[in-house]
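Novice: Listed below are the residues making up each chain.
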Amino acid sequence: MSTHDKLRTPLKRARGLGSAKDGTHHFIMQRITAIALVVLSIYVIGLVISLIGGDYAAVRTAVANPVHAVLLVAFLVATFWHAQLGMQAIIEDYVHTAWLAVTSQLLVIFVCVLAAIASVLAVIRIALGGA
Amino acid sequence: MANRSRERPLSPHLQVYRWQVQMVTSILHRTTGVILVAGSLLIVFALLALAAGPQEWSDFSRFTRSGLGFLILFGWSWALAFHLINGIRHLVQDAGWGYKVETFIRSSWVSVIGSLVLTALIWLIAMAQGGSA
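Protein chains in written order, with our numbering: chain W, 541 to 671; chain Y, 285 to 417.
Do not take every clue at face value.
Claimed, not checked - Simulated pairs of lysine to any residue, SDA-like, Cα-Cα distance not exceeding 25 Å:
| hint | chain 1 | residue 1 | chain 2 | residue 2 |
| --- | --- | --- | --- | --- |
| 1 | W | Lys546 | Y | Glu291 |
| 2 | W | Lys552 | Y | Leu294 |
| 3 | W | Lys552 | W | Ala667 |
| 4 | Y | Lys384 | Y | His297 |
| 5 | Y | Lys384 | W | Phe567 |
| 6 | Y | Lys384 | Y | His374 |
| 7 | W | Lys552 | Y | Arg292 |
| 8 | W | Lys552 | Y | Ser295 |
| 9 | Y | Lys384 | Y | Trp303 |
| 10 | W | Lys546 | Y | Leu294 |
| 11 | Y | Lys384 | Y | Leu312 |
| 12 | W | Lys552 | W | Asp633 |
| 13 | Y | Lys384 | Y | Arg314 |
| 14 | Y | Lys384 | Y | Arg302 |
| 15 | W | Lys546 | Y | Pro293 |
| 16 | Y | Lys384 | W | Lys546 |
| 17 | Y | Lys384 | Y | Val300 |
| 18 | Y | Lys384 | Y | Ala336 |
| 19 | Y | Lys384 | Y | Ile372 |
| 20 | W | Lys552 | Y | Glu291 |
| 21 | W | Lys546 | Y | Ser295 |
| 22 | W | Lys546 | Y | Ile372 |
| 23 | Y | Lys384 | Y | Val394 |
| 24 | Y | Lys384 | Y | Ile397 |
| 25 | W | Lys552 | W | Ala658 |
| 26 | W | Lys546 | Y | Arg290 |
| 27 | W | Lys552 | Y | Pro293 |
| 28 | W | Lys552 | W | Glu632 |
| 29 | W | Lys552 | Y | Arg290 |
| 30 | Y | Lys384 | W | Ala574 |
| 31 | Y | Lys384 | Y | Arg290 |
| 32 | Y | Lys384 | Y | Ile311 |
| 33 | Y | Lys384 | W | Arg571 |
Rather than coming from a laboratory, the hints here were simulated on the basis of the structure.
Given the sequences, and given the hints that come with them, work out the whole structure.
Specialist: Okay, here's the thing in structure tokens:
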């Protein structure tokens, strides 16, 4: 902070910079994915419980079922989307060191996107019957 | 910081307050959220193993049946149960309901106790299912 900042109030520094203007979008997407996950996670818990004791072929056949495959992909996308939004809010609240905040935000985004792509691709491979 | 000399009032932090259930649900919602992020990566491994082949799948399912695997699955199921019930509570509050202090406290307890009941229910059904299969 340079010397002339001492003569300025914090309001003066904040004024004119504007809001990020996407706070409500974060809020809304967090709620939409939450509502989707209420239904989808109950569905996935039911699916997992129904497969307990099943062998490899039985589990693979269940995941390959078109209805299960579609809802699983929806669950995976909503999960990692919601995960990124939630982690973002937590990091914004608790990590105050600038480089660490940026690094962890990027890490969360990359891990969530990669996890979503890898798991969705796995479901597609199973659903299409490839090896 | 240039402002330090001004001694602005600070909002009291957690340790100032007496513990109450609303604080517990608020903190647990974030904690279980982080646990579920880690747990979700396990779903990725499960699906990758299932797509890779019978050998990889049997390695994965052997891990879930191990002591550590059971512990992870049990903790994860509770985290999911809590985050699910308390998440619904948050959605209801977002709609503008349940802000009276008594209601707020009562719904906090519903989240805490409900999560334990739901976890027990999941494992009872899972064990009955495992026993019959």
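Novice: All hints are to be evaluated individually against the structure, with a verdict given for each.
Specialist: Now the hints, each set against the structure:
1. Distance hint between Lys546/W and Glu291/Y is fulfilled; the C-alpha atoms sit about 15 Å from each other, no more than 25 Å.
2. With a CA separation close to 21 Å, the supplied pair Lys552/W and Leu294/Y stays within the 25 Å bound.
3. In summary, the hint linking Lys552/W to Ala667/W is not supported, as the alpha carbons are separated by about 58 Å, beyond the 25 Å threshold.
4. As the CA atoms of Lys384/Y and His297/Y are separated by approximately 23 Å, the hinted pair is consistent with the 25 Å bound.
5. Of the pairs offered as hints, the one joining Lys384/Y and Phe567/W holds, with about 23 Å between alpha carbons and a cut-off of 25 Å not exceeded.
6. The straight-line distance between the Cα atoms of Lys384/Y and His374/Y is roughly 14 Å, inside the 25 Å bound, and the hint therefore holds.
7. Distance hint between Lys552/W and Arg292/Y is fulfilled; the C-alpha atoms sit about 17 Å from each other, no more than 25 Å.
8. Distance hint between Lys552/W and Ser295/Y is fulfilled; the C-alpha atoms sit about 23 Å from each other, no more than 25 Å.
9. As the CA atoms of Lys384/Y and Trp303/Y are separated by approximately 19 Å, the hinted pair is consistent with the 25 Å bound.
10. Restraint check for Lys546/W and Leu294/Y: satisfied, since their Cα atoms lie roughly 20 Å apart, inside the 25 Å limit.
11. Distance check on the hinted pair: Lys384/Y and Leu312/Y sit about 21 Å apart at the alpha-carbon level, within 25 Å; holds.
12. Under the criterion of a C-alpha separation no larger than 25 Å, the hint pairing Lys552/W with Asp633/W is consistent with the structure, at around 24 Å.
13. Only pairs whose Cα atoms come within 25 Å are accepted, and Lys384/Y paired with Arg314/Y is accepted, the gap being roughly 23 Å.
14. The hinted pair formed by Lys384/Y and Arg302/Y meets the criterion: a straight-line CA distance of about 20 Å does not exceed 25 Å.
15. With a CA separation close to 19 Å, the supplied pair Lys546/W and Pro293/Y stays within the 25 Å bound.
16. About 44 Å separates the Cα atoms of Lys384/Y and Lys546/W, which puts this hinted pair outside 25 Å; it is violated.
17. Between Lys384/Y and Val300/Y the alpha-carbon distance is near 23 Å, which keeps this suggested pair within the 25 Å criterion.
18. Between the alpha carbons of Lys384/Y and Ala336/Y the distance comes to roughly 53 Å, so the proposed pair goes past 25 Å and is violated.
19. Of the supplied pair hints, the one linking Lys384/Y and Ile372/Y holds, its CA atoms being roughly 17 Å apart against a limit of 25 Å.
20. Of the supplied pair hints, the one linking Lys552/W and Glu291/Y holds, its CA atoms being roughly 19 Å apart against a limit of 25 Å.
21. Restraint check for Lys546/W and Ser295/Y: satisfied, since their Cα atoms lie roughly 24 Å apart, inside the 25 Å limit.
22. About 47 Å separates the Cα atoms of Lys546/W and Ile372/Y, which puts this hinted pair outside 25 Å; it is violated.
23. Between Lys384/Y and Val394/Y the alpha-carbon distance is near 15 Å, which keeps this suggested pair within the 25 Å criterion.
24. Straight-line distance between C-alpha atoms of Lys384/Y and Ile397/Y comes to about 20 Å, which keeps the hinted pair within the 25 Å bound.
25. Distance restraint check for Lys552/W and Ala658/W: the Cα-Cα separation of roughly 47 Å exceeds the 25 Å cut-off, and the hinted pair is therefore not satisfied.
26. Restraint check for Lys546/W and Arg290/Y: the C-alpha separation of about 11 Å stays at or below 25 Å, so the hint holds.
27. Taking the CA atoms of Lys552/W and Pro293/Y, the gap is near 20 Å; set against the 25 Å cutoff, the hint holds.
28. A hinted pair counts as satisfied when its Cα atoms are at most 25 Å apart, and Lys552/W with Glu632/W qualifies at roughly 23 Å.
29. Only pairs whose Cα atoms come within 25 Å are accepted, and Lys552/W paired with Arg290/Y is accepted, the gap being roughly 17 Å.
30. Between Lys384/Y and Ala574/W, the direct Cα distance comes to roughly 24 Å. Compliance with the 25 Å bound is thereby established for this hinted pair.
31. For a cut-off of 25 Å, the pair hint linking Lys384/Y to Arg290/Y is broken: about 37 Å separates their Cα positions.
32. Pair hint Lys384/Y plus Ile311/Y holds up; C-alpha atoms about 20 Å apart against a cutoff of 25 Å.
33. Among the hinted pairs, Lys384/Y with Arg571/W is consistent with the structure: their alpha-carbon atoms are about 22 Å apart, no more than 25 Å.
The structure does not agree with the numbered hints 3, 16, 18, 22, 25 and 31 stated previously, though it agrees with the rest.
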